[in-house]
Amino acid sequence: MNEHEYVSMNEWLDWTRAKAIVAGVDVGAVSSKAVILLDRQLYAFSQVKTRMPKESAFKAINAVLAKTHLKLENIHYIVGTGCGSMQVTFASKRVTEIACGAAGAVHIWGPSVHTVLDAGGQSCKVIHCTEKGRATDFLWNDKCAVGIGRSLETFADLVKKEVTEIGRIALQSDSFPKISDFCVVYTQSEALDLIRSKVPLEQVIAAYHYAMAKRISILVGRSGLKKDFAIIGGVAKNPGIIGWLESHLKVNRLPPKPEWDPLFTTALGAALFADAFYRWQ
Amino acid sequence: MNKGKILAGLDLGHVNTKVIIIREQEILGYVTVPTGFDVVAAAQTALNNALDNVGISCSELAGIVATGIFRDMIKGPPLNITRTIPEYVADAKGALFLNKNSRTVIDIGGNIQKAVSYDQDGNLLDVIQNDKCADGLGIFYTTMAKAFGVNEQGLSELALKSTKHVSVAIHCAASAESEAIDLMCQGIDIADVADALTRFIVERVAAMCITMPLEPEIVVAGGLAKSKALIKYFPVLLKQDVSVLNLPEYLGAIGAVMSYDGGK
Amino acid sequence: MVNRDSDTIIERLRSITKDPYEYGKSLQAKGHLVAGYMCTHVPEEILYAAGIVPVRILSSHVSQAMTRSYMHETYCSFSHDCAYQGLAHHYDFLDLIVASSSCIHMGEAFNVWVRFAGFQGKSFLIPYPHIIETKPAVAFMVESFGEFKQFLEKFLKKSITHDDLEGAIKVYNHTRKLLKRLWEFLRRDHPPITGPEIAAVTLASQVMDKQECNQLLEQLIQRIEAEPCKEPSRVRLMVSGGACDDLRIFDLTEHLDHTVNLIFIDSCTAARYFWFEVPEERDNKLEAIAEGYINRIPCPAKDNVPGTGEKKRFRFIQQFIEEFKPDGVALLYQRFCSPQPMDVVALKPILNKLGIPSIDLELDTTLPVTQFRAQLEALIEIIKNVVP
Amino acid sequence: MAYTLTTWKEFKNYQNTCYRNYLYASKGLRCMGSTWSVLAPLKGLGEDIHIIGGEPHAASTAGTFPEEAREDISTAEKAGLGFHSCSYLKLFVGEVVRDKIAITDGTIKEGYPKPDLIWTTHLCSQHSKWYQEVSRRLGGIPMYPIDMVGGGNAEKDTKIVNYVSYQIEEGIRWLERVTGREFSDELFIKAARNEIKVLVLWGNICALNRHAPAPLDERRLIALFPPAVVDRTTDQTVRMYETLFEEVKHMVETGQSVVPDQRYRIVYFGIAHAYGHPEMARILRDAGAEIVASVYTFGTCGNFRGFVNGKWSWEPLDPSWVDELDLSTRKKAIIELAKIALGWPTWQGVRSYWALESMARAMITEYKADGLLLAPSRSCETDFRNGYVGIQRIFKGEIPTIEYDSDQVDVRKMDLPGAQRKTELFVHLMEARKRRSA
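Protein chains in written order, with the numbering used here: chain A, 1 to 281; chain B, 1001 to 1264; chain C, 2001 to 2388; chain D, 3001 to 3438.
Heads up, a few of these hints could be off.
[To be verified] Cut-off 25 Å, straight-line C-alpha distance, at most; resulting in silico cross-link-like pairs (DSS-like, lysine-lysine):
hint, chain 1, residue 1, chain 2, residue 2
1, D, 3109, A, 250
2, A, 227, C, 2135
3, C, 2135, D, 3109
4, A, 227, A, 178
5, C, 2135, D, 3156
6, B, 1146, A, 54
[To be verified] Derived coverage of chain C by chain A (criterion: at least 3 residues anywhere in the stretch with Cβ under 8 Å from a Cβ of chain A; other residues may be distant):
hint, segment
7, 2033-2041
8, 2183-2191
9, 2378-2384
Simulated from the structure, these hints should not be mistaken for laboratory data. Being a predicted model, the structure only gives us computed values, none of them experimental. Glycine is no exception: its CB is placed at the ideal position from the N, C-alpha and C atoms.
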């Protein structure tokens, strides 16, 4: 298993005893995730990092199948979601990342969740939902706010650090120059230019995260923030963005649940839909 | 010029630092290292590596000339460079050295691009630089190569395999990448996506260039000049022929050396 | 889907939107003079009365950057694309290019044609009020249209008579009536024709000789009235916003995972183009034309009622919502457009009050199919209360 | 040795007083709108009229409170305004949403002072929509927008002059209706003459920069024109600009300047920002390059000959001409006001590339420019973006010309790194040209 692939399963469960075996597959811009539920209980999940939606859908599901010794035909119902959902050719139905995000978040954090920020590699969406996890309204990022998640990886490359590392560094300075927070192109360009004024690296990293968090906070504010507030998607794992975002919004997100990686929320939502569709059949 | 002297040219770019060692007209060696966030260190490493490759010591250097966006940051110790030259001046001198008949050079760098026109003596006539939305095209090219699991060379080869014409938004790297993803999510072949991306970059650069009259011969330099997939679109868009300089990414460094006895 | 009688006509009209250049040239081949016009504020009647066929300049959705060395980066893709039509010499065959001062972006597209695409000698800009809800505006338009008429008379070395104008007005009003009737089919629960089909027809009408257009529209209406109705419409979707001649977007609405019916489009490439008539009985024809154009659904760039600052367009939108009963609204506007978002910010509270969910779709030259699909489907899921 | 203007303080105070009056006045009428509107009609309503103008207020607030401005703009975007809308507009609406207002004297007042009415213009596609939004958010403030058409020769086109006059006439009736006050022609005509006089005087002051060395630089021009923008209808403004005119004339006679070392003369197209940014200012200053003429500072509240048989002229109008103007009736005053407002250079370029081009050409020759600096503003779609790219194409071959992205107040959209690079290049190109011609 390489760094681009991550699989985990609940050894205590036995799928041969399950009435409903369902899967949700979320094909995102930078990675694909698959979640398998046995009678609505989490059984296994996987993440595959690749920018090729076609393969990654298969890679993600195959990873869990291999781990659990399930076969595709053993799974009663599969729902595909995410920007690459069209490529989940083995799914019986598609549901949007909006509906899945809301359903997944409420399943994880409970009925108090009313605003879900889905900050992924390519896009940021702010979803409003009911205590039952039904999306009632959403805001999709404007074209100029695209690619914030991905840009963090590019930026990490430029400063020769791990993307997991820069998020922590971003919180280490509280005074740093403010750079453009309008779009990733401007922010990256101005961050690079800070070298000229000999700004220390940790400050540049802080400035970059501060700016990106600011941009996201405008999207959240624009859609109207109703508590409780949950953050899902890859960016949810970047402490730098989250830290600054919370200080911009003056609102704290619900802390991630130890048993749930926020990265899998949308895939979980898809699996929940799969379960529902299977039972309605 | 520079009778028998050995000179070093440094080009400190946003992304890479390039060094070239030249004796009179003869290129002895060159090295590229990532600039990172410690410009001085990068410059030193690059210079030392280059000198080692050529097998001469720093003391044998008659002078060091620096150019590039960060040139002013390495004045003084430890490098004690002889002089600094603006990028566009270096571009003109370098391009003329590499091609006597050239009068316009298009330099596609990591973060910025420019077109420079000059006379037969390499005197600057005019320059056009990209606007803000077109920043970071070189970085973007590398990022996309990485995303496709290939290197820059590989991305070019991939794009050349394209059989279907598709397009991405022309506005900026962020929009282009987002639409590349959209295309892949539609199931479009990545060769066609790669072609759309290279076309986006060259469209942006060409659009900048045609803001001013382009005197022939036109030469192209900078890291992206090595992408055949990209270069092939220039003649169509500029309605003029272009040729790629050899060692395109060392244009600035070479130009710096050529400016040793008077950059202006 | 069963092949219907009307399909042939719809296909014919669709093909014209795909290749307006060829169509324009074919008009010339028939001996017509052909004028290109930008934006829908050009009083086409006057051109038509002069024996010139006006064809609207539309975009070609070719992803290109060359226009950025002529006009600013942050002008909308529609204006860039229209400017490109000139620079790419797609319309060199035109006898004349006419614009009437509308928004800044399209004004700049027109400037590019005149200044850099070789239309200096054969162009005319009609000064047109930017606030149309006033008495002074009528007087100004009458004068301004009068000057345009004189220009044409000099240009053609012949005079444009009262009867010429009367005839042109009748032809154009007829087109408007027919288009209106087509769209009103969609008020039914079982429309015999789809929104995207009518969108294509409406777009075609903007680049066509209106007499030919009217014949086709009449045949089309006859045939679809005779045809069996479609399955009952499910989710009813309305589009409101700016210039959008990218029919792929409307087609997309009918190819989602859920059955959706596009039932109305309020934009200058659809309803705003024809949802008005020029009074026919009025004796002063230029005044009649002015009044007709003032009673249109205003372009957001011109929409401000002096005294109250009311947006007259909102009255129409609310009327359309009552008549066409949409379940959801897609707010579709050009990226970088400045007046549209100024309306959207005020329109959303109104839609919320009516309990109609809406989404924003930002238009560019290229079409991010999967993203738009996801946004549209998410809207439908919200309307259908989808939950596991 | 650099000359120091004696008139400084009074100019600053005047602006502050106007704003303070608007904020704190216990009685009288609060009027809001673009100060690109003719202001005299408001003064016909009485002597207790307090004006706040959108553009100057937004600009000066951004100058005084950069951080507040940033916050105002993002607040407006959170409130749903377009990411590409005018940043003056967003700053202004942002203050309304945050229910506070910050002014040039450095004070911030909590609680946004509601205007009694909005009297404004419409020229660019969102000019009056700006106040539609303000009116909506403040619960429906009555507003009257005047369509200024714009485009080239406007003030000499009777059709346009009549149209604008007619609107002003209607507007005056509206003002009476909505305020319930009786309109005083006497006050109006007095204000009208002052308004025209100030605009003409400013034109004359700017025109003195044709001398070498230019007595004033862009930074001083920007600091000196606010009174004319904020409220140009008072006797005091006329007095102030007459004094300034005398002082600057004296500077020219004695060959003095606020920046004596002028090696390069620059013509500048763009909204005031070059001097808002020390980085660019330093580069130019070090090279002895000064902006001596700028369509923005000259043309936003100054009048010139304009088109004389098809060619633009930056020749100023004779101030005494204003004193002889026949403004004996309301009608006459309205027509003269309409003409003067329509004549503003900043409006001529809108929708008329040929006017913009002719203006640039005239400015370059009349002011003996060594370089042309174009700074289109990312979020101003009117003059300050419209046509600049085309202008660059046309002039690049003739004179050192650079174009870089800027923004009137939204620092996020400016291209600081690029602007610095290009400013350095600009200086280099001007030097190179001097060397070639030498």
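Status of each hint after checking the structure:
no.	hint	in the structure
1	D:3109 with A:250	holds (23 Å)
2	A:227 with C:2135	violated (51 Å)
3	C:2135 with D:3109	violated (40 Å)
4	A:227 with A:178	violated (29 Å)
5	C:2135 with D:3156	holds (22 Å)
6	B:1146 with A:54	holds (17 Å)
7	2033-2041	violated (count 0)
8	2183-2191	violated (count 0)
9	2378-2384	holds (count 3)
Hint violations for this structure: numbers 2, 3, 4, 7, 8, all remaining hints satisfied.
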